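Participant: The lines below spell out each chain.
Protein chains: 4
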Amino acid sequence: MSTFGRIFKVTTYGESHCKSVGCIVDGVPPNMPLTELDLQPQLTRRRPGQSKLTTPRNEKDKVEIQSGTEFGKTLGTPIAMIVKNEDQRPHDYSDMDNYPRPSHADFTYMEKYQTKASSGGGRSSARETIGRVAASGIAEKLLSKFSNMEIVAFTSQVGDVSMNKNPLDPTFQKILQTITREKVDACGPIRCPDPKLAGEMVKVIEKYRGDHDSIGGVVTCVIRNVPTGLGEPCFDKLEAVLAHAMLSIPASKGFEIGSGFQGVNLPGSKHNDPFYLDEETGKLRTKTNNSGGIQGGISNGENIYFSVPFKSAATISQEQETATYDGENGVLAAKGRHDPCVVPRAIPIVEAMAALVMADALLIQKSREFSSKVFA
Amino acid sequence: MSTFGRIFKVTTYGESHCKSVGCIVDGVPPNMPLTELDLQPQLTRRRPGQSKLTTPRNEKDKVEIQSGTEFGKTLGTPIAMIVKNEDQRPHDYSDMDNYPRPSHADFTYMEKYQTKASSGGGRSSARETIGRVAASGIAEKLLSKFSNMEIVAFTSQVGDVSMNKNPLDPTFQKILQTITREKVDACGPIRCPDPKLAGEMVKVIEKYRGDHDSIGGVVTCVIRNVPTGLGEPCFDKLEAVLAHAMLSIPASKGFEIGSGFQGVNLPGSKHNDPFYLDEETGKLRTKTNNSGGIQGGISNGENIYFSVPFKSAATISQEQETATYDGENGVLAAKGRHDPCVVPRAIPIVEAMAALVMADALLIQKSREFSSKVFA
Amino acid sequence: MSTFGRIFKVTTYGESHCKSVGCIVDGVPPNMPLTELDLQPQLTRRRPGQSKLTTPRNEKDKVEIQSGTEFGKTLGTPIAMIVKNEDQRPHDYSDMDNYPRPSHADFTYMEKYQTKASSGGGRSSARETIGRVAASGIAEKLLSKFSNMEIVAFTSQVGDVSMNKNPLDPTFQKILQTITREKVDACGPIRCPDPKLAGEMVKVIEKYRGDHDSIGGVVTCVIRNVPTGLGEPCFDKLEAVLAHAMLSIPASKGFEIGSGFQGVNLPGSKHNDPFYLDEETGKLRTKTNNSGGIQGGISNGENIYFSVPFKSAATISQEQETATYDGENGVLAAKGRHDPCVVPRAIPIVEAMAALVMADALLIQKSREFSSKVFA
Amino acid sequence: MSTFGRIFKVTTYGESHCKSVGCIVDGVPPNMPLTELDLQPQLTRRRPGQSKLTTPRNEKDKVEIQSGTEFGKTLGTPIAMIVKNEDQRPHDYSDMDNYPRPSHADFTYMEKYQTKASSGGGRSSARETIGRVAASGIAEKLLSKFSNMEIVAFTSQVGDVSMNKNPLDPTFQKILQTITREKVDACGPIRCPDPKLAGEMVKVIEKYRGDHDSIGGVVTCVIRNVPTGLGEPCFDKLEAVLAHAMLSIPASKGFEIGSGFQGVNLPGSKHNDPFYLDEETGKLRTKTNNSGGIQGGISNGENIYFSVPFKSAATISQEQETATYDGENGVLAAKGRHDPCVVPRAIPIVEAMAALVMADALLIQKSREFSSKVFA
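Residue numbers (the UniProt record's numbering), protein chains in the order written: chain A, 1 to 376; chain B, 1 to 376; chain C, 1 to 376; chain D, 1 to 376.
Next comes chain A alone, as it looks inside the complex (with noise of 0.2 angstroms):
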């Protein structure tokens, strides 16, 4: 279904070739400053061909507030916004429209709908994911004014170059303390925030984009300054909901919460993480966090990391032997330029899908807290 959260609801609209895309965003709080202006720069983040271009593009993708605003501050009410689609022709696909493109949505919409959209895959489109993209701006601003909450993703691998995640080691975890979005997009359009890697990942993307071919990888995300007490035990686990969230993002395969796969490894005496008091607040933390700042589904207050792995692009020009959906065997070439790899856009749309997750688990938080008071 296109609608995401129990209170901070989030429901979305739009496919490739319709009028616009955009979403509708209910059970924001009243009284919060909220303009365009907090929207625009994920959403101009996670725009296509950025790296190639020199000349900026703020013209494109551009959102409008349709309502629950009023001098710059939210109402209470439903946030719809709109981003206007530039190209909205049902498309003539021609010869490539006998083929369902391998790895793609296209066989798979057909089957459920029983329809073919010009657009292939209706809603797995990328571009479905600028409503998450604009409604994540106000979950941000709601959890960054709430407990100075940050979300910072980048790229960790590209193909087999991969930075070392291990949780207990210390330069990893000190990368999740100080990245900011600032210091990833520094580190160009590739968003490692390690220049080595960053140098080897971009070579191995224009390597396959040589080939005609493309390459995965993996983000990761670190959420910082999180409330303890998030996440709605038995079934939405805050972990749980954030996988939910992650594996709806297209072309994601997987996620990982604090030490993840590899921790497996990891006896129980070293995959603990031992209490310890910290003096200046007077609130018990833990020594290491493998947890990934989640225990038993509720945050802890450490820092929540995870990971996804994105799966290269399906749609490559390279030849590629499958058959017509009408089962004949044939061989399908995708025309045009198309991205070699993903990931590095994918990035604002994990931290948005984060945000959502953390704003909605905050406010069904807060209507249990009162009770403390009340009960007390």
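Hint data in this document are derived by calculation from the structure and do not stem from the laboratory.
The reader is advised that the hints may include incorrect statements.
You can't tell identical chains apart in this list, so a pair holds if it fits in one copy or across any two.
Okay, derived cross-link-like pairs now, DSSO-like style, lysine-lysine, Cα gap no bigger than 27 angstroms in a straight line [to be verified]: (1) LYS84 to LYS283; (2) LYS60 to LYS19; (3) LYS270 to LYS203; (4) LYS116 to LYS373; (5) LYS174 to LYS335; (6) LYS116 to LYS287; (7) LYS19 to LYS62; (8) LYS73 to LYS287; (9) LYS283 to LYS73; (10) LYS116 to LYS73; (11) LYS165 to LYS287; (12) LYS141 to LYS174; (13) LYS62 to LYS84; (14) LYS207 to LYS270; (15) LYS203 to LYS335; (16) LYS283 to LYS116; (17) LYS283 to LYS270; (18) LYS116 to LYS145; (19) LYS270 to LYS373.
None of these values were measured; they are calculated from a predicted model.
Chain A is fixed; fit chains B, C and D onto it per the hints.
Facilitator: Just chains B, C and D, lined up with the frame of chain A:
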């Protein structure tokens, strides 16, 4: 929250020391044959202490259907199920009680609910999963009757002993195609279908048990005979809901579908799954299955397979340097014997959550399909 | 479906001849004192056969809390509650079984579920409401602790014997202001607080009982000490959710709030509720209360009051000319003695549903209010 | 909240002075023919100022589909619809601005959201209903194609001029059987199908307009050609969701289905609807229809009919003694001309909400029906 699903809807209750645990399943189609005999087998597979005991303990974790069936058939009304707790007294943990157990949910439950249940982490206890497993028996019956759907999970890794899970490896694909629960259980309590690796895994676990320590591992799960068209873009893509389901299981730290994390190395030319016509069925199928049976969030009819890492159990009897709730440093050592590896017991829980996801996806898609006749 | 509410969420189960009926209540704030003693009184008021029996039947409809409390306090986890059914055998209705009872749910359940439960109308049985009443005890405790909220329903009409319910009538407003459950029950089993009318109502019921017939009536309910700001426009206006709740009660045929149906005669100049300053509290209040305590879907702090009509009971032992399931004409006469008027027993159910609505509205509003501090 | 429905799901946005109002409709079955021409008629019927203007204002409240259709057919993806607001500037109400308008939502919105939108009551404005009416065009197309379902509402009372709505009255039943939107509109702007009463109603309204006052009335609605089996007990009984829908309409004060409030006088022997075999269709039908087409919360195939009272419009230009937000006593008189009776314009809104309820109930039931084939 404690409800999962939209049409096939499961609500669970219960923690370690209350009177009973169980669930209500709403949205079950009527006229389906169903008795406790359909539900007990997976509950029995989930039970603790299976491998160490030679005496059958069939009397334990016995489920009782309370409502929603008559003369062995479902009525279409909610089905409530109850499993009594044997140990219903709130515990007196005495000394240990002052320590939030490292990497347990004691601390976060206290932060969230401002109360310390005698069970410590409240619903984070594995006992909570009984309601899920009971509910899954209904889902599996439905899926089996509808399309002969089969869901089989197995241990694919313990510590650093791992099966080869490369999706392009024919042996791995063969296992996915042929594995059954009978074969899994025939491998002994470790539930790894590779006899050689199974032996090594047992040794790993025994080593850590000897050290009063624990170790993690990975569960891999396959779903066969899946109809095309299941899954609800954009937010409720089938893999997104599966990820949500898996990360809601205690101690799980991740999820990957199809090629997953290791697939990011594969260029599009190798990762894409080309189509061919299956002469027998007259339907398109894919030559490879890196997608893991889902494209664009919708099932494509191939096997769905995914893996879930589980961390090492947090409760160990080794001494741990940590702090009390009040922030005093000290040493905690859990008393008694504890499960050194949760992976084998997680298997029916992974299967259960997969079944709940698939049943709900099936019913939602059914609400759409009628239209193809109406608008033909 | 069998779930009601968004944050304070009740899921019920059970029909007449299954093992038990009950519910799971999710989203209950932690640390609230709660035992079965809080829940039993309303269940006892709901019980059938109260007025004819002099012996106490306290052993009946006894609720057992299964989970979610410890040492008499809520944990914040789901609270499951069970009431055993005494008559658990599927009935053999023999001859009557061929007839769908007129104005019962036998026919529609058969059409919907394609199965004939031995209880006929399955969940349409009044026994289903036990779960609602059990859950309401939790909601009422919360509301009472939070703002001293009080919910009192009473019989305002039986057949054509009716209290004056004109909202501009001072006597009526006085009743709304001062009525208590104790006063309602002191009026005898008819539960009408006007002694003269109560006597007439009893006579009406006795007349119809003598004729082997039945009669309907109206329940009026008032909610006092309501905080301002509850209710979620635009679809979940407070009166809309109350209407939903009331029409979900078996045999109810309508809902009106404040001036309701008779208020349409009043011109705006008389119907509008002008404001004045309450010197004591420093808050605005309204001079009249035709709105019934809600404006624009949001509580304004005045008493919320509404009325719900209940039709005459469908099961009568008088002969009725009707048809069998197979369409054969015939005569049906229900055996045994039947309740000639459901109105008095509906009172705790109306109160229960009102409490569930208010508790959920309160928790949702709490998720919003924190922002006023953040954005001050 | 601003979302209605579970499978056929409508989310609306917008208030009086923002850029646009509209909605997103999710869960629409694919392949259904749909263009703006299907949606505009009801939006045009909803528009203000219709009766006083002789010039057509077709250019106003023009809906634009943004997504979810291609070549005039639905894709199965969300359909977003937008209607631009003409007056987009936040108003300057000057003096009036200090007064919360009596029986408006100004005060309660302030209490709930702690902010004063220039539109006063924010989403309580009638303009919010545009999104509902736009969405209903999709629902009606679906219902019409599926079972030729028809939904027709009409003015049945203004002030104390009322049609005879006794369900046992054959004239009333005849109207329910034969009324169409064309007939309703042919009665003139008052939309009462009884010409004599229509004239009297107009006089009542003119009298109150002359007095700078307003008056209320009742809308009655019938739904014909309803399949059996729709509605989801126990909480989402069909009449409960209809009541929810109707009470969510601004200015509505109640709901009654079938015999409603006046039916409580009828003994069971007269109120019960006996069955007979309809030789033509081979299905059971009922001789009378006091139930209003629903029994036990499930449609029985008879006409569904219900009535909704609307209070007199709150905005009147007569002087009212009231208080400012600050509690100072004063006199408020609304400027300009105001609608003295909202009833005629409420008609397409009542039809819209009925259509949304029925479409959702239909799709949910379809998710269940497949099982009858599976388990036959």
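Participant: For LYS60 vs LYS19, is the C-alpha pair at or below 27 angstroms within one copy, between two copies, both, or neither?
Facilitator: Answer is both; intra-copy 14 angstroms and inter-copy 20 angstroms each pass.
Participant: State whether the alpha carbon distance between LYS62 and LYS84 is at most 27 angstroms within one copy, between copies, both, or neither.
Facilitator: both (8 angstroms within a copy, 18 angstroms between copies)
Participant: Regarding LYS165 and LYS287, is the shortest C-alpha distance of 27 angstroms or less found within a copy, between copies, in both, or in neither?
Facilitator: This pair counts as within: shortest intra-copy Cα distance 18 angstroms, inter-copy 34 angstroms.
Participant: Treating 27 angstroms as the Cα threshold, decide for LYS141 and LYS174: within, between, both or neither.
Facilitator: Answer is within; shortest intra-copy Cα gap is 25 angstroms, inter-copy 48 angstroms.
Participant: Within a copy, between copies, both or neither: where do LYS283 and LYS116 come within 27 angstroms Cα-Cα?
Facilitator: between (57 angstroms within a copy, 17 angstroms between copies)
Participant: 27 angstroms Cα cut-off: does LYS116 pair with LYS73 within a copy, between copies, both or neither?
Facilitator: between (42 angstroms within a copy, 11 angstroms between copies)
Participant: Quick one: LYS84 to LYS283, C-alpha cut-off 27 angstroms, is that within a copy, between copies, both, or neither?
Facilitator: Classified as neither; 48 angstroms inside a copy, 38 angstroms across copies.
Participant: Checking an output row: LYS73 and LYS287, CA cutoff 27 angstroms. Within, between, both or neither?
Facilitator: Cα proximity of LYS73 and LYS287: none, with 41 angstroms in one copy and 33 angstroms across.
Participant: At most 27 angstroms between alpha carbons: which applies to LYS116 and LYS373, within, between, both or neither?
Facilitator: This pair counts as between: shortest inter-copy Cα distance 17 angstroms, intra-copy 56 angstroms.
Participant: Cα distance capped at 27 angstroms. Does LYS283 pair with LYS73 within a copy, between copies, both, or neither?
Facilitator: For LYS283 and LYS73, the Cα distance is within 27 angstroms only across copies (25 angstroms; inside one copy 35 angstroms).
Participant: As a check of your reading, is LYS270 near LYS373 (CA-CA no more than 27 angstroms) within one copy, between copies, both or neither?
Facilitator: neither (39 angstroms within a copy, 42 angstroms between copies)
Participant: Can you give me the call for LYS207 and LYS270, within, between, both or neither, at a CA distance of at most 27 angstroms?
Facilitator: Between copies only: 15 angstroms across, 40 angstroms inside.
Checked against the numbered hints above, the structure breaks hints 1, 5, 8, 19 and satisfies the rest.
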